[in-house]
Amino acid sequence: GAVVSQHPSRVICKSGTSVKIECRSLDFQATTMFWYRQFPKQSLMLMATSNEGSKATYEQGVEKDKFLINHASLTLSTLTVTSAHPEDSSFYICSASKRGVSYEQYFGPGTRLTVT
Amino acid sequence: AQSVTQPDIHITVSEGASLELRCNYSYGATPYLFWYVQSPGQGLQLLLKYFSGDTLVQGIKGFEAEFKRSQSSFNLRKPSVHWSDAAEYFCAVGAPTGFQKLVFGTGTRLLVSP
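Listed in order, the protein sequences are those of chains E and F.
Heads up, the first sequence is in this note's numbering, so the first residue is 1 and it goes up one at a time.
Heads up, the second sequence is in this note's numbering, so the first residue is 1001 and it goes up one at a time.
No lab work stands behind these hints, which were simulated from the structure alone.
Warning: the hint list may mix true and false statements.
Unchecked claim - Negatives, chain E to chain F, calculated, CB over 10 angstroms:
#: 1; residue: Ser-15
#: 2; residue: Gly-61
#: 3; residue: Ala-72
#: 4; residue: Ser-89
To be verified - So the derived list for chain F, only partly shown, Cβ under 10 angstroms to chain E, looks like this:
#: 5; residue: Ile-1009
#: 6; residue: Phe-1034
#: 7; residue: Gly-1043
#: 8; residue: Lys-1101
#: 9; residue: Gly-1105
#: 10; residue: Thr-1106
Claimed, not checked - Straight line, CA to CA, 30 angstroms or less: simulated DSS-like cross-link-like pairs of lysine-lysine:
#: 11; chain 1: F; residue 1: Lys-1049; chain 2: E; residue 2: Lys-66
#: 12; chain 1: F; residue 1: Lys-1101; chain 2: E; residue 2: Lys-66
#: 13; chain 1: E; residue 1: Lys-98; chain 2: F; residue 2: Lys-1101
#: 14; chain 1: F; residue 1: Lys-1049; chain 2: E; residue 2: Lys-98
#: 15; chain 1: E; residue 1: Lys-64; chain 2: F; residue 2: Lys-1068
#: 16; chain 1: F; residue 1: Lys-1101; chain 2: E; residue 2: Lys-55
Using N, Cα and C, we set each Cβ at its ideal position, and we do this for glycine too.
Chain F with its partners taken away, still in its complex shape (with noise of 0.2 angstroms):
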């Protein structure tokens, strides 16, 4: 069965400052991985996704994620957080069985300092 780990309940990042949310997922093979954003009052927002091929993806908002195989990771990044980054951040990842179930993590809520 799969599983997702975002050991990091929450974090404080002063604005400006780089972030990186921790992603770690067991699986027998490579699943889909996701991340997700979830803002009060609003839906869960796709920020990018991994299926195959080139291990870095760029999201929107600035983010990016870098998919390691050797460490069953999928961390977010960010270089330069702003204010309104500050939510919710949902790790998932779904078996490429084609029934689209997604796992998801915790969640890591993310603070921003000023």
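Chain E on its own, in the form it takes in the complex (with noise of 0.2 angstroms):
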């Protein structure tokens, strides 16, 4: 198998403060990976891909400084919402590739992050 989990699946915050998501691994090492934003009704648009050990590369329009990515390890990257607003509310899902597995992205379940 290739199971990718998220904590937390579901988080409410206060304006001004900032959260944390964690995008696990369990049975795999994942070379690669990769932070979406999906909005309701819409398409997964990808934020941001990291590679473990190296900074992550994000994609245009993607605030760096407000969506700090982490990949501490082979099987753990996180995501943390810097000083968030209301428009920050979305879901974010991560995903992992396999070494050598081209192409073949393992998702996560999701964490619906509100903003009040």
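Hey, can you piece these two chains together into the complex? The hints should help.
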């Protein structure tokens, strides 16, 4: 199998605070992890790509100082939304790919962030 | 730049009937093509993928898709739908550049009526 977990599944935070979302590959080593954002009834938008031990590569228009990504190990990546605002409320999804398995991404179940 | 169009926002199919979900892509060459399914509370699951070769691809759960270069399409089909197939379906494309980035369509929600 190739299982990816995310924690928490839901989080509510107050405007101005920061929130951290964890993404773990449970039974494989993830050489690359991806973070997506999904708006209601819309597609998944890639935010950034990260490789273990390297700085994340952000997509155009994504503020790297607002969405901090750390890929600390081959099984863990974290996304920190800093100074969150209501417009950051969204569904955040991570995925991971295995070494040597090209283009196959395994997705986590997502995290629903609500900023009040 | 790549783009993916799924023209149907939602489709309702009777249980046991056949299904076809449409996907059109825009890319200068032949991209890598994927279909994913998203069920509530679960991560996206890969149904099938096309990289090259036979243009009719078989996937899991009885799904298949056909790549038609002339139409820039990669439609997903299933001959007989089950109630458990109700979910959101996403088509995605990747450029064969080695960067492994995927571009997703907006999704089609499948409803299955009894």
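Hints and how they fare:
With 10 angstroms as the threshold on Cβ separation, the claim that Ser-15(E) sits away from chain F holds: the shortest Cβ distance comes to roughly 27 angstroms. Annotated as non-interface, Gly-61(E) keeps its C-beta farther than 10 angstroms from every C-beta of chain F; the closest such distance is 13 angstroms. Once the 10 angstroms rule is applied to beta carbons, Ala-72(E) is consistent with being away from chain F; the minimum gap is 20 angstroms. Listed as a non-interface residue, Ser-89(E) keeps its Cβ farther than 10 angstroms from every Cβ of chain F; the least gap is roughly 18 angstroms.
Interface hint status for Ile-1009(F): upheld, as the beta-carbon distance to the closest one in chain E is roughly 7 angstroms, under 10 angstroms. Here the hint on Phe-1034(F) is kept, as its CB sits about 8 angstroms from the closest CB of chain E, short of 10 angstroms. The interface hint given for Gly-1043(F) is met, as the beta carbon of that residue sits about 4 angstroms from the closest beta carbon of chain E, less than 10 angstroms. Among the interface hints, the one on Lys-1101(F) holds; its C-beta lies about 6 angstroms from the nearest C-beta in chain E, closer than the 10 angstroms criterion.
For Gly-1105(F), the shortest C-beta to C-beta distance to chain E is roughly 6 angstroms, which falls under 10 angstroms, so the interface hint holds. Residue-level restraint check for Thr-1106(F) holds (minimum Cβ-Cβ distance to chain E is 5 angstroms; threshold 10 angstroms). At most 30 angstroms may separate the alpha-carbon atoms for a hinted pair to count; Lys-1049(F) and Lys-66(E) exceed this at roughly 34 angstroms. With a C-alpha separation of about 22 angstroms, the suggested pair Lys-1101(F) and Lys-66(E) falls inside the 30 angstroms cut-off, and the hint holds.
Proposed proximity of Lys-98(E) and Lys-1101(F) is supported: the alpha carbons are some 14 angstroms apart, at most 30 angstroms. Proposed proximity of Lys-1049(F) and Lys-98(E) is supported: the alpha carbons are some 16 angstroms apart, at most 30 angstroms. A distance of roughly 39 angstroms separates the Cα atoms of Lys-64(E) and Lys-1068(F); the hinted pair therefore is violated under the 30 angstroms criterion. Distance restraint check for Lys-1101(F) and Lys-55(E): the Cα-Cα separation of roughly 16 angstroms lies within the 30 angstroms cut-off, and the hinted pair is therefore satisfied.
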